[in-house]
Amino acid sequence: MKTYEVPQEIKDANALEEKLSLLKHIGRSFSVYRVDCGSCNGCEIEIFAAITPMWDPERFGFKLVANPRHADILLCTGPVTRQMYYPLLRAYEATPDPKLVVALGACGSTGGIFYDAYSVLSGVDKIIPVDVYIPGCPPHPASIIYGLTTALGVMDQKLQKESHIEENEIPSLIKESLIGNTLFERDLLVEAKKLMSYVFGRKLYDKYLDALIKSGDVKNPKATKISVTEAIQTEEDPRYAECMGILHNEIYTHYIACQEEDKISLHRVQWGKK
Amino acid sequence: MMKLLDISKKYGDTTHKYPFEPYHVADNFRGKPAYIFDLCIGCAACGIACPSNAITVQLNAEQNKLIWEFDCGRCIFCGRCDEVCPTGAIRLSEEFELAVKFDKSALIQRGELEVQCCTECKKPFTAKRLVQYSFDCLSKANVSQNRLEEAKDYLRVCPTCKKNATVSNFTTGKEVVIE
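Each protein sequence line maps, in turn, to chains R and X. What the first sequence shows, in the working numbering, is residues 503 to 776, in sequence order. What the second sequence shows, in the working numbering, is residues 241 to 419, in sequence order.
Think of the hints as simulated: they come from the structure by calculation, not from any bench. Keep in mind the model is a prediction, meaning the values are calculated, not measured. Don't be surprised by glycine CBs; every beta carbon is placed ideally from N, CA and C. Treat the hints loosely; a few may be bogus.
To be verified - Heads up, simulated DSBU-like pairs for lysine-lysine below, C-alpha to C-alpha not over 30 Å straight-line:
1) X:Lys341 <-> R:Lys663
2) R:Lys565 <-> X:Lys368
3) R:Lys526 <-> X:Lys341
4) X:Lys257 <-> R:Lys663
5) X:Lys257 <-> R:Lys526
6) R:Lys677 <-> X:Lys305
7) X:Lys341 <-> X:Lys362
8) X:Lys380 <-> R:Lys721
9) R:Lys677 <-> X:Lys392
10) X:Lys368 <-> R:Lys677
Stated by the list, open to error - Some chain R residues near chain X, calculated using beta-carbon distances under 10 Å:
11) Phe616
12) Tyr617
13) Tyr648
14) Ile676
15) Ser679
16) Asn751
17) Glu763
18) Lys765
As the list claims (entries may be wrong) - For each label pair, taking beta carbons as the anchor points, the in silico distance ranges come out as:
19) R:Leu675 <-> X:Glu360: 25 to 33 Å
20) X:Leu299 <-> R:Glu595: 24 to 32 Å
21) R:Gly718 <-> X:Thr255: 25 to 33 Å
22) R:Thr505 <-> X:Gln372: 44 to 52 Å
23) R:Lys526 <-> X:Lys257: 58 to 66 Å
24) R:Asn569 <-> X:Ser333: 56 to 64 Å
25) R:Glu664 <-> X:Leu299: 18 to 26 Å
26) X:Asp343 <-> R:Lys526: 16 to 24 Å
27) R:Pro631 <-> X:Leu299: 29 to 37 Å
28) R:Asp719 <-> X:Glu360: 46 to 54 Å
29) R:Asp739 <-> X:Cys377: 30 to 38 Å
30) R:Leu522 <-> X:Thr296: 17 to 25 Å
31) R:Ser523 <-> X:Cys357: 52 to 60 Å
32) R:Glu595 <-> X:Glu335: 53 to 61 Å
Pulled out of the complex, with its shape left as it was, chain X reads as follows (with noise of 0.2 Å):
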């Protein structure tokens, strides 16, 4: 008896006291993915690959906005989200108190992004800060001015309009000259 309060003694108190203070989780703890959406270009690769589908990406029913939807109640904290954001716009937190009461769509954030529409078939097909963030990485990548001129144009050309113009192009016999 003697010895188990000796024991007791040594370890002393180790009830965490967390409801009435507050508790820090270990370094690296995988909360809550935060999401900031000013950073956030649409690139859907969170979309990807998200394992659960707790994040969608996806164009509204009037395809006017992309909208990011993440449902935390969904989400596994796999943290792959966080791996593939080429802006930071997504990074585990270290939030763990998530639970609510009676109203599952707390759990839901949302951000909507304006859309690009190509060019040549006028329908939309990527948002528009990602064709900016593309053309800010070619301005920065050495790549002469007169590219950087073609860019502003073909960025904002959807891919099946690309690929028909290289069709034609090909069938044509028009040659593309690349610097």
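In isolation and in its complexed conformation, chain R is listed as follows (with noise of 0.2 Å):
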């Protein structure tokens, strides 16, 4: 499909230096013009956010506007839906020169997760030429503020291209395991993911290893279930309480050889009390 030319008095009236001109003549005083290309909407509900008193972006001067006839600054979310190319073009076109395209979000910016839609073109940059890339789905309020400064120049690029070539030796990853079988630690850790996903059961994994290491002998079951019960009454939080009490009983009795009463018995023991 052929896109959109940008004309050819569109583009001198937007050259890099008319766009800084602008920049520094605009002062504190810039119009957004919104324009939704089949966003879902996230985006809209943070640039909201980012608007409220919260973050009250008109100390610098951010105002938004109902039209782009008035706008110095177009903000473009979505993935541009074929049936938003002509109503995106008529926006384009009818905001004064010199302007500024701001690509909000995953979607505006690439196309995010809809890049190989069929009714997508992926990415306001594939239509217009687009001078700010906000990425997130969806930005933070802060990211938006710190876009929408970044494209007046107030602050400056964070991010750069990385690239790495040279290879290092790679450092051992693989621990000792504390019973001496790593099965064990790869099914803890598997098991502490279901309890808890992934951010959470990792940290639980953590307590309840630590916990073990306390107890001094880790292949003794007497020894560590005292160690385990004192960790579940000094934890504060319920939920880890519990999963570390789920995970003793059911891996860690699976591969030391135990006695059912070595397992902890969840509804007698009260945990959370300091």
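Starting from the two chains in their separate frames, assemble the complex, guided by the hints.
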């Protein structure tokens, strides 16, 4: 599909020097026109969160206007659906020159998760020249404020292209197993992630292993029962406390020969007590 | 009117001073995935898990390097790469200041890994670091010394050649003894 070609007079009026002189003269009053090119409304919600008194972008003079003819900055969201192709062009041509175009969100910058869908043109920059990209799905209000202040030259860009070519020696990534069987650690981590998702599961895994090490004798079920029970009782968060008990009962007893009384009976232990 | 002033006095100044003072995001905020190249073993788990294909892992045109590439512009910050990474080479950071000006390529992160060529068919099939990582895993896993020596050979054979070898072993009636 042949996409839009920017007319020569708009191109001339939007050269880099023109844009920089606009930024110099614009002072502290910017009008932003928001074009929704088929976005899921997540980015819109974050834009409206960003213009609340909590963030107050009117400190820098940002103002949302209802007409592209009043605007200096076009804020485009969404992956540009085929239906929004002409309205976007009309908004672009109606904005007085020189203008800044900001692509907001993952969809606006590259098409995001819809990049290969049949009905989208995947990204505002495929159609009109874009000056600033703000990634995020959706971007945090602080990211939006950062992006807009970057557009104005108040703040500097922090991200640079990173390229790693030289390969160093890989550090030893696998630790010695506590009980002499790496499958124990593997099962423990899998079960911890299953119980509490990956972020909290990793914390749970660390907490449980700390409790095991504290017992002094890791392979002795009597000693570990005492130390894990103590860890459960001193744990402030009841979710970690209960899951530590489940880990002990299901994984530890599976790898170390235990009697029935070596298991922790979870309804008898009172957790959360300091 | 006085009531309103009382309310505003009670809540005080709520506006974040963000661009002039640093802003601290909430706990467990999902910011830009931070890539630690030294830990990456090129297993491509993140590339398979990534729903928006922001992470791609593929061989370059000359077939001598495995290119790990992350496009922050396409990332939807779901954290699945963090979840599946076995070595912790990719972790969601708290970085939220991601906007770039004019040049979109500043959003890209790349890593080039050495490839391992199959000892049978001489075609590249995985990263050297992944082979080394697998061997380290095996050497810590109470495997007998014999099996470890065997592993040194069969870790460097690509899956297709392994399959062909198994088929020819079966059809020629050769017995494979597994300890």
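Hint check results:
With a C-alpha separation of about 12 Å, the suggested pair Lys341 of chain X and Lys663 of chain R falls inside the 30 Å cut-off, and the hint holds. For the hint pairing Lys565 of chain R with Lys368 of chain X, the CA-to-CA distance comes to about 54 Å; that exceeds 30 Å, so the pair is violated. Between Lys526 of chain R and Lys341 of chain X the CA atoms are separated by roughly 17 Å; this keeps the pair inside 30 Å, and the hint holds. Between Lys257 of chain X and Lys663 of chain R, the direct Cα distance comes to roughly 29 Å. Compliance with the 30 Å bound is thereby established for this hinted pair.
At most 30 Å may separate the alpha-carbon atoms for a hinted pair to count; Lys257 of chain X and Lys526 of chain R meet this at roughly 24 Å. Proximity of Lys677 of chain R to Lys305 of chain X is assessed by CA-CA distance (about 29 Å); at most 30 Å being required, the pair is judged to hold. Between Lys341 of chain X and Lys362 of chain X the CA atoms are separated by roughly 44 Å; this puts the pair beyond 30 Å, and the hint is violated. Our distance criterion of 30 Å between C-alpha atoms is met by Lys380 of chain X and Lys721 of chain R, whose separation comes to about 18 Å.
Using a Cα cut-off of 30 Å, the hinted pair Lys677 of chain R and Lys392 of chain X holds, with the two alpha carbons roughly 20 Å apart. Proximity of Lys368 of chain X to Lys677 of chain R is assessed by CA-CA distance (about 20 Å); at most 30 Å being required, the pair is judged to hold. With a least beta-carbon distance of about 8 Å to chain X, the hint placing Phe616 of chain R at the interface is held under the 10 Å criterion. Satisfaction of the interface hint for Tyr617 of chain R is found here, the shortest Cβ-Cβ separation to chain X being roughly 6 Å, below the 10 Å cut-off.
For the restraint placing Tyr648 of chain R at the interface with chain X, the shortest Cβ-Cβ distance is roughly 5 Å, inside the 10 Å limit, so the hint holds. Because the smallest distance between the Cβ of Ile676 of chain R and any Cβ of chain X comes to about 5 Å, under 10 Å, the interface hint for this residue holds. With 10 Å as the threshold, the beta carbon of Ser679 of chain R comes within range of chain X, its nearest partner Cβ sitting at about 7 Å, so the hint holds. Annotation: interface hint on Asn751 of chain R violated; nearest CB of chain X at approximately 25 Å, more than 10 Å.
With a least beta-carbon distance of about 29 Å to chain X, the hint placing Glu763 of chain R at the interface is violated under the 10 Å criterion. Taking 10 Å as the C-beta cut-off, the interface hint given for Lys765 of chain R is violated, the closest approach to chain X being about 26 Å. For Leu675 of chain R and Glu360 of chain X, the hinted distance range of 25 to 33 Å is satisfied, since their beta carbons lie about 28 Å from each other. At about 44 Å, the CB distance of Leu299 of chain X to Glu595 of chain R disagrees with the hint of 24 to 32 Å.
About 54 Å separates the C-beta atoms of Gly718 of chain R and Thr255 of chain X, a value inconsistent with the hinted range of 25 to 33 Å. As the Cβ distance of Thr505 of chain R to Gln372 of chain X is approximately 47 Å, the hint placing it in 44 to 52 Å holds. Distance hint for Lys526 of chain R and Lys257 of chain X: a CB-CB separation of about 25 Å, inconsistent with the stated range 58 to 66 Å. Take Asn569 of chain R and Ser333 of chain X: their Cβ atoms lie about 39 Å apart, and the range 56 to 64 Å is violated.
A hinted range of 18 to 26 Å holds for the C-beta pair Glu664 of chain R and Leu299 of chain X, which are about 20 Å apart. One distance hint, 16 to 24 Å for the beta-carbon pair Asp343 of chain X and Lys526 of chain R, holds here, with the actual separation near 22 Å. Range check, Pro631 of chain R to Leu299 of chain X: about 33 Å between beta-carbon atoms, so the 29 to 37 Å window is met. Between Asp719 of chain R and Glu360 of chain X, the C-beta spacing of about 49 Å keeps the proposed range 46 to 54 Å intact.
Hint check: Asp739 of chain R to Cys377 of chain X, Cβ distance near 32 Å, so the stated range 30 to 38 Å holds. Remark: the range hint 17 to 25 Å for Leu522 of chain R to Thr296 of chain X is contradicted by a beta-carbon distance near 35 Å. At roughly 57 Å, the beta-carbon separation of Ser523 of chain R and Cys357 of chain X lies within the given 52 to 60 Å, and the hint holds. Taking the beta carbon of each, Glu595 of chain R and Glu335 of chain X are about 36 Å apart, not inside 53 to 61 Å as hinted.
Comparing the model with each earlier hint shows violations of hints 2, 7, 16, 17, 18, 20, 21, 23, 24, 30, 32; every other hint is respected.
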